[in-house]
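Trainee: Residue numbers (the numbering used here), protein chains in the order written: chain E, 9 to 296; chain U, 248 to 601.
To be clear, the hints were calculated from the coordinates, so they are not data collected in a lab. Being a predicted model, the structure only gives us computed values, none of them experimental. A portion of the hints provided could be inaccurate.
Label pairs and their calculated CB-CB ranges [claimed, not checked]:
| no. | chain 1 | residue 1 | chain 2 | residue 2 | range |
| --- | --- | --- | --- | --- | --- |
| 1 | U | S490 | E | V233 | 27 to 33 angstroms |
| 2 | E | N117 | U | V286 | 26 to 32 angstroms |
| 3 | E | K36 | U | P336 | 39 to 45 angstroms |
| 4 | U | R342 | E | N106 | 44 to 50 angstroms |
| 5 | E | R92 | U | L489 | 33 to 39 angstroms |
| 6 | E | D250 | U | R467 | 24 to 30 angstroms |
| 7 | E | K214 | U | L489 | 49 to 55 angstroms |
| 8 | E | N98 | U | R342 | 40 to 46 angstroms |
| 9 | U | Q456 | E | K154 | 58 to 64 angstroms |
| 10 | U | K341 | E | N98 | 39 to 45 angstroms |
| 11 | U | K486 | E | R95 | 57 to 63 angstroms |
| 12 | U | K486 | E | K291 | 24 to 30 angstroms |
Here are the simulated SDA-like cross-link-like pairs (lysine to any residue), alpha carbons at most 25 angstroms apart as the crow flies [stated by the list, open to error]:
| no. | chain 1 | residue 1 | chain 2 | residue 2 |
| --- | --- | --- | --- | --- |
| 13 | E | K291 | U | Q564 |
| 14 | U | K515 | E | R95 |
| 15 | E | K22 | U | S364 |
| 16 | U | K515 | E | K291 |
C-beta: ideal position from N, C-alpha, C; glycine also.
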Amino acid sequence: MLAEDFAVNSDPLKPHLARLVHIDKSVKDRYVFHFRFEDPELNESFSYRPGQFVMLSVLGAGEAPISLCSPASRRGTIELCVNRVGRVTNALYRLRENDLVGIRGPYGNGFPVEEMEGHDVLLVAGGIGAAPIRGLLWYLLDNRNKYGNITFLCGSRSTKDMLFREEFESLLNRPDIRCLLAVEAVPEEDEGKWPGDVGMVTDLFKYVKEIDAERTYAAVCGPPVFYKFVLRHLVDLNIDKDRILMSLERRMKCGVGKCAHCMIGDKYTCIHGPIFTYWDAMKLPEMI
Amino acid sequence: MATEVLLGQGSVRILPKKYAAQFYKNLGVFGELHGPVQVKPGLVVFGPAASFSDLALDQVRTLLPVKKYLFPPKEEQYRFSTREGFVEPEVEEKRTVLFGVHPCDINAVALLDRVTSWKYPDPKYRARRQRLIIVGVDCIPDEYCFCLPMGSHTADEGFDLFLTDIGEEYFVQVGSSLGERMLRESWDLVKQVEQEHIEAFHQRAEERQKAFRHDLDAHRLAQAILVGFSSPVWDEVGKKCLSCGSCAATCPTCCCYDVLDEVNLDLKSGVRIRRWDDCMQPEFALVAGGHNFRAERSTRFKMRFMHKINSFKAEFQRLGCVGCGRCIAGCPADINVIEVFQKITGKKVTSVAG
Ligand code: SF4
Ligand code: SF4
Ligand code: FES
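So that you can see chain E by itself, here it is in the shape it has in the complex (with noise of 0.2 angstroms):
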């Protein structure tokens, strides 16, 4: 018998009934999904950290690993950006404002927000992973005085694409933060009207060049090939790669350490990860 087993608390797989208040339809097949708990007290205590991700649970369809994208700072609603590419994430594209969800966790390390204290950070999205980045921006910025310069580099393939569009353009008048955004193409109704770059994501690391290497952290989410190309520029950059983090994605059953669908090398991504400093990942076999 083991001897903890006195108590057998609280069920981690047990998902909780949430409801879908609003969907925010800014990017084709990227809407983001805001929820409730419908328990009140859950809603209000659920808390998280930036880089974490939920399990969601589509009634009838399934459940999938959905990373947080609403400021961890900022409690009340959970906001997710989901990529629609499977069964369960289809089937969540089908449902409407007040219909039901289940949501369990919050799961995962996530961004070593602590540790990062006092020290410069490079924040860089593209795509779909502007949705964690994002998450972590706005803790960063509602905990202005405890971190040093903030620049945010996000890129997505035309203005249209781009998530958060708004929100972001208008940190770029934000005194506190230095903000640059491209995109690769920008479609006729948005000429004239965008006020980034026009290039690719990497482009914008010539804006970069003075940097403290020595009290920066990189943030990095977004496709895997975007990983190999900004990779190459923080190392350039001379930044460490204990102190490069990025957000790897990997098939999730449980999300709590159990299935083992997760894992690459001898890690858990669920629990090691999803964020992992680049020279933990480098280690790993079959990272991206």
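Please build the complex by placing chain U with the ligands on the supplied structure of chain E, with the hints as guidance.
Mentor: Structure of chain U with the ligands alone, referenced to chain E:
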């Protein structure tokens, strides 16, 4: 029943074999009696065994290990509906006394206990674990056994009682307070341990150790897997492997699972099922969107051991292979994990007959 307490006696006692059947019967007070039973020639399984004579104690391994009691092949996790949310199913309160569990399997349970209580405890496993009483019995290895080099040939925890065959008697070790109660139930059948019993106990251990035939260096395994990550050994086995999953299903420490929802006709309610899964299946690491991180058979084979050896060692200070030999005995492609371990650590391969 005697009121004498076991304190100060090192929690050991002697059970003459002539009383074993009665002793076994008395265990029935604590739960339904189960043990290894022979269902047909060459097939032994853990199952109900009302009397001592039903037990196939001389058989080395059961088809499925103890995990089937703790983590059934398929189980209902929750019922769900938009009205009620997610609700746990009722659990049966029945207790089981599982008799005749060998040290390798006990060590495997001790590892499962750790895996399932790591970070986020798994309530279903733990509830079942609390209702499973384990009585270990020692054994003599066959050609597939290699628990000795894996360090799982003795059990220090994870049992309630453990019986070692010392000739005319069993040397009984108590592993839990429940075990002590079980022993008290048969207090009139057991006697005090004398020096000669301790000598016989060690002699049995020596004999048993001599019966192991495979030379392995388990301490170097994790390192060797990392160093040999691109070794041709993996391709060799990968080419032979049929991805049938028999190895993972019968392994006492393999506990990967899959989750699926079975939906009712209203499409909004149903049951969430979890069932055994295994990393040897091609779609195991397939992510939504279609990228498969492990499309190659050899990579899946390698990952199975990276998980069992490197990851379990790092997290739980125990290796996820206890050397029970089930995967060797059951592999249709004759893949032999002893050979794989020997090759990857640069050792001489010792052949397995059969
Ligand atoms: S039992 Fe043998 S053939 Fe089947 S998956 Fe395991 S190694 Fe491959
Ligand atoms: S890997 Fe094979 S020998 Fe090792 S514990 Fe599992 S089934 Fe037994
Ligand atoms: S998702 Fe199940 S172990 Fe990580």
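Trainee: If a hint holds in the structure, say so; if it does not, say that too.
Mentor: Results of checking the hints against the structure:
1. S490(U) to V233(E): 27 to 33 angstroms: holds (30 angstroms)
2. N117(E) to V286(U): 26 to 32 angstroms: For N117(E) and V286(U) the Cβ distance comes to about 47 angstroms; the hint is violated.
3. K36(E) to P336(U): 39 to 45 angstroms: For K36(E) and P336(U) the Cβ distance comes to about 40 angstroms; the hint holds.
4. R342(U) to N106(E): 44 to 50 angstroms: holds (46 angstroms)
5. R92(E) to L489(U): 33 to 39 angstroms: Given about 36 angstroms between the Cβ atoms, the range holds.
6. D250(E) to R467(U): 24 to 30 angstroms: Because 28 angstroms falls inside the window, the suggested range holds.
7. K214(E) to L489(U): 49 to 55 angstroms: Taking Cβ atoms as reference, K214(E) and L489(U) lie about 54 angstroms apart, which means the hint holds.
8. N98(E) to R342(U): 40 to 46 angstroms: holds (45 angstroms)
9. Q456(U) to K154(E): 58 to 64 angstroms: 59 angstroms Cβ-Cβ, so the 58 to 64 angstroms window holds.
10. K341(U) to N98(E): 39 to 45 angstroms: holds (42 angstroms)
11. K486(U) to R95(E): 57 to 63 angstroms: violated (33 angstroms)
12. K486(U) to K291(E): 24 to 30 angstroms: holds (27 angstroms)
13. K291(E) to Q564(U): Distance of about 21 angstroms is within 25 angstroms: holds.
14. K515(U) to R95(E): With a Cα-Cα distance of about 15 angstroms, the restraint between K515(U) and R95(E) holds, given a limit of 25 angstroms.
15. K22(E) to S364(U): holds (16 angstroms)
16. K515(U) to K291(E): Judged against 25 angstroms, a Cα distance of about 43 angstroms means the pair is violated.
Hint check: violations occur at hints 2, 11, 16; the rest are consistent with the structure.
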